[in-house]
Structures are given as structure tokens and as C-alpha cells.
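K.L.:
When we follow this note's numbering, the leftmost residue of the sequence shown carries the number 1, and every step to the right adds one.
Note that these hints are calculated values from the structure, not bench results. Among these hints, one or two may not hold up.
[Stated by the list, open to error] For each label pair, taking beta carbons as the anchor points, the in silico distance ranges come out as:
| # | residue 1 | residue 2 | range |
| --- | --- | --- | --- |
| 1 | Leu-190 | Val-95 | 20 to 26 Å |
| 2 | Gln-361 | Ile-196 | 32 to 38 Å |
| 3 | Ile-92 | Ala-266 | 27 to 33 Å |
| 4 | Arg-358 | Lys-40 | 46 to 52 Å |
| 5 | Glu-359 | Glu-121 | 17 to 23 Å |
| 6 | Ser-164 | Arg-355 | 21 to 27 Å |
| 7 | Ser-222 | Glu-359 | 19 to 25 Å |
| 8 | Asp-212 | Val-96 | 55 to 61 Å |
| 9 | Arg-72 | Arg-358 | 50 to 56 Å |
| 10 | Ser-222 | Ala-256 | 22 to 28 Å |
| 11 | Asp-212 | Ile-92 | 26 to 32 Å |
| 12 | Val-96 | Leu-193 | 54 to 60 Å |
| 13 | Val-96 | Arg-362 | 33 to 39 Å |
| 14 | Leu-193 | Glu-363 | 41 to 47 Å |
The structure presented is a predicted model; accordingly, all values stated were derived computationally and were not measured. Note that beta-carbon positions come from the ideal geometry of N, C-alpha and C, so glycine has one too.
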Amino acid sequence: MNNQPTKGADVAEELTFNVKDIPACTRYGFSARKIWIFFKTLVLSWVIWDFFVYLGYFAAGCDLAARWSQSRLLPLPGSLFWMDPVPIILLIVGVVLIIYVLMRGSLMVSKMTFQQLRGDEFFSASDAADFAKRHAVPLISIPLMLVMTLLLIYSAGALTGLISRIPAVGPSAASLLSIPLWGIMLLGVLTLLALILSLELLPAIVACTGGDSFESIFEVFSTLTSQSWRLCLYWLLSILVIMLGGAAFLLLSSVAVSFLSFSVSAGAGDSGLVAALTSGPQLLAPEALPFFAGLLGQQGDVQAWSGFAGILAGISGTAIFLIIISYFLSSYSSAWTLIYVVLKYRKDEEDLMDRADREEQREYDRMYGDSEKDSEAGKADLSG
């Protein structure tokens, strides 16, 4: 069996390493494996949201039965939710967990996209999950580090405020510190931008480099400071392309639902199944999605199926809704992978695909090089 790594000559697509490469994100995002990854990610995020929000309402002493009848499977924080610090803390914990889950899903999709750029079309979701398990530390450590930095910067301003309250000399001391504090706050603005960018770009950096936390945070800041205008341009272009591709996918989905309605009504005499299907998200999340049915095709006055069959149809309609969102997220993660590959080449003149090939070759030589040399030496002795 040949265990030798894939060479750069097998790259699936020749990149131009400029803005022309970005529109390919919709094509890379249109993958059943990637959409499935984000579908599972969205379901898990939904479960986390429900758990922590309902737990927050329980901690606030709300009537959960009344809240369930109003919100069902997608509750939104109400006025009573914000009157107690415990529900707010629970909500923050839930949101942080959801962000991590989404970043991990993005890491898996970015890794699959990067392998496709290298020519490896058979890199599976399980391979991506193994990679994410081994390289998940930067997804946690870097945002945490940036948040702690922002808190320290905020503390510097608060400390200066305390100094200013010292009688007589306090205001003068605070005035002398104003210029250094301005520089610190400017650093805080840069840190905040890096934190926002890290939530988007960090999965692509880890997927393409396999780097540790130090290399990853260096790449976040260097990309932000040296390629800021290209970063903004490429991001805006990717949003435009993804919106166009997503609109086309949504249109095709709506046409498919209409065709399903036509075919089902030919056999059943009505389209109650499709009416229950399209109103599924509205049924399961009436507070958050009260007008969803028109998104996939309004069924008018058709009576939707009720009972257990209607619930199953509603769940199926909600799954279709999540698949559509998953395509958007898959294209978005693929876009950030392409953006980082191009920006890395523009700022450092480094082809990340070639770098990955060299690293795999070194690992291959380390593991199998000596045994191959011994085998060749043995063959030479026998022939001698």
C-alpha cells in the first residue's frame, strides 16, 4: 500500500491567489458532507439554546408551561429574563457554548475545503472531526485570551477613574495619564477587532496551518493589520456571492416544495402534507418564526395535517429550513478558507497547499524513510 502523501500536482484547482478565487466559495459550500456537518451543528446549538434559556426562565421563577405554549422549541429571552442576574449568566454560558460549537463546525468544513484545494476529494467528515478534536485548543484559548486582554484594558481605565477621585492630586494624575490611556484604548480597539475577526477567521487558520495558539493569534493580528483592505474587500465579495448562491438555492427549494405539493395532491386530493411541512418552523418556533411559511411557498387556505402526522411533517419542514441555513454556513466557512489562503500568499508569498505537502512529506520520511532505506540496502546486499 502506498502511504506517500499527495503532491501539489494533484491540486484540484489552480488558484490565482487574488480576488478571482473568492466566488468559488459557493461551489465548495455546496457539498452534502459539509451541509450535514452544519446541520448537526445547528441542531446541537438549538438544543443548547433551549436548555439554557428555559433553565434561565426556571431560575427567574417563570411559569414554564405558559412559556412553552408561547415559544415551544425556540424561546426568546423576555422582560422577566433580564431582571435577575442568574438567567443572564446562564444565557451568556449558553451563547459561549454555541459560539464554540459553530466554530468547531466551521473548523471541520474549512479543513475539508482546504483538503479539496489540495486535491483530496475523499477527506471525510470523520477525518475532519478527528482533526478538530486534535486542534480545538486555539478555538478556546485565543478568544479567551483576547477577552482577558479587553478586561485588563478596561480595568486600566477604571483604575484611572479611581485615581482621579483622590483629593487634590487625583485629577492632575489622571490628566497626565490621559495620553498613555488613549494609546491603551487604541490597542483595545485593535484587540476588539481581532476578537471579532478571530471568530470568523480562526477556524480557517487552524484548518490550513494546523498551528498552535501562538501561530494562530499571530496570523489573526498580522492578517488584520497588513491585509485589512483586502480582507474587507474579499469578505464583502464573499457575502454578495453567498447571498446570490443562497437565493438560488432557496428558489430551487421553493420550487421543489411546490412540485411536491402538486405531486402529493394528485394522489391524496389535497396538499395538507405540504402545508404542514412549510408551516413546521412556524409551528415549532411561533415566537421566533411567526411568518415562516411564505419562505418555502405559502399554502394559502389549505388545511395542514394535524396530530402526530402533522408534527412529523412539521419537524421535516424544520429540517429543510436548517438544511438551507447549513448551505449558507457551509459556503461562508469555505469563503473564509479561500480568503485566508489568498491573504497568506499575498502577505507572506507562501502557498499553504505547498506547505502542507512539504510537512506531510517530512512526516512520511520520518515514519517510513529509514525502513525504506534499510529495504533498499537489503536488496542491494542480495543483488551483490
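K.L.:
So which of the earlier hints does this model not fit?
P.N.:
As far as the earlier hints go, 3, 4, 6, 8, 10, 12, 14 are violated by this structure, in ascending order.
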